[in-house]
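Student: As you go down the protein sequences, you meet chains A and B in turn. When we follow the numbering used here, the leftmost residue of the first sequence carries the number 72, and every step to the right adds one. When we follow the numbering used here, the leftmost residue of the second sequence carries the number 1309, and every step to the right adds one.
Keep in mind that the hints were calculated from the coordinates and are not lab data. Each hint should be verified, as a subset may be incorrect.
[Said to hold, decoys possible] Pair ranges (Cβ atoms, derived):
| id | chain 1 | residue 1 | chain 2 | residue 2 | range |
| --- | --- | --- | --- | --- | --- |
| 1 | A | E194 | B | R1386 | 21 to 29 Å |
| 2 | A | T170 | B | H1400 | 47 to 55 Å |
| 3 | A | Q122 | B | P1411 | 49 to 57 Å |
| 4 | A | T153 | B | I1378 | 43 to 51 Å |
As the structure is a computational prediction, the values presented were derived from the model and not from experiment. Note that CB positions come from ideal geometry on N, CA and C, so glycine has one too.
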Amino acid sequence: MIQELANAGALPVLEKSLRFAAARQRILVHNIANSDTPDYRPLELSVDGFQSELRRAIAARDREGSEGRGAGPDRALEFQRTRELDVLEDGSITARPRTPSGNILYHDRNNRDTERMMQDLAENNLAYRTTVELMRRENDTLRIAITQRP
Amino acid sequence: MYGSLDISTSGMIAQRDRMTAISANIANRNSVMPDGTPYRARRVHFAPGDPTATSKQARQWGVHVSQVEIDQSPLNMRHDPSSPFAMRSGLHQGYVLESNVNPVVEQVNAIQAARAYEANAVAAESSKQMAAQALRLLVG
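Chain A extracted, bound-state conformation:
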């Protein structure tokens, strides 16, 4: 029963978001570390790409539920391999980041954009924090249900 509580509803979605934010953090931090490396082009993991795949996975789960296969929102999320993301058996995410060619090249043939990098870092941090907070609320709700008092 506990297994179904943890694998159903919003928790798998939050878990995937958390793993994605962690994977993206590694890439953003790598870009900052290489801001003075000649010939380096910053990597990027598309948030839109992840969210559209997440949206598709949730829709597929709900649809299969309404068709009577499995129990709808109680089934686990199934990700498909996309151009950037690989979701492994254990749920961990492997990223294949792109190198978008934005911004001008500096004399060391690096097209860093410090402001953009720091903005992405702050946004990613907030996304992670929001997801953790939502997970905490979910756990609190479960705890209230178990202990039967708020």
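Let chain A serve as the given structure and place chain B on it in line with the hints.
Tutor: Below, chain B without anything else, positioned relative to chain A:
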């Protein structure tokens, strides 16, 4: 998350090494090497990846110092006929060869290294905050 911290740390180490080279350049501006030639500026070059990482996965992330190049640009010359190092004959008679360290360039590089170090420190702080947030899930 620990991976992110390692990457930021590699960035801070690389920038610190660069700062060491800049300090050495400024300190040795008037130095003469044991063979009598003036000191030449050291330039630190970075490359992506961290060869010191323990796992193959981790070696592709981060940054490291790929080489320390000795600057081969022309040396400066100062007119000082009384110096024992002054040239005795030729076109530049009476001139002393001096190191090719340009203090203005070194200062600018030092500022850049300090800012890059700061950016890595901020990134490490961000990763640390995220790890702390995740740990809060365990607390009731």
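Student: Next, verify each hint and record whether it holds.
Tutor: Taking the hints in turn, this is what the structure says about them:
1. A:E194 with B:R1386: 21 to 29 Å: For A:E194 and B:R1386 the Cβ distance comes to about 53 Å; the hint is violated.
2. A:T170 with B:H1400: 47 to 55 Å: Given about 49 Å between the Cβ atoms, the range holds.
3. A:Q122 with B:P1411: 49 to 57 Å: 51 Å, holds
4. A:T153 with B:I1378: 43 to 51 Å: Cβ of A:T153 to Cβ of B:I1378: about 47 Å, so the range 43 to 51 Å holds.
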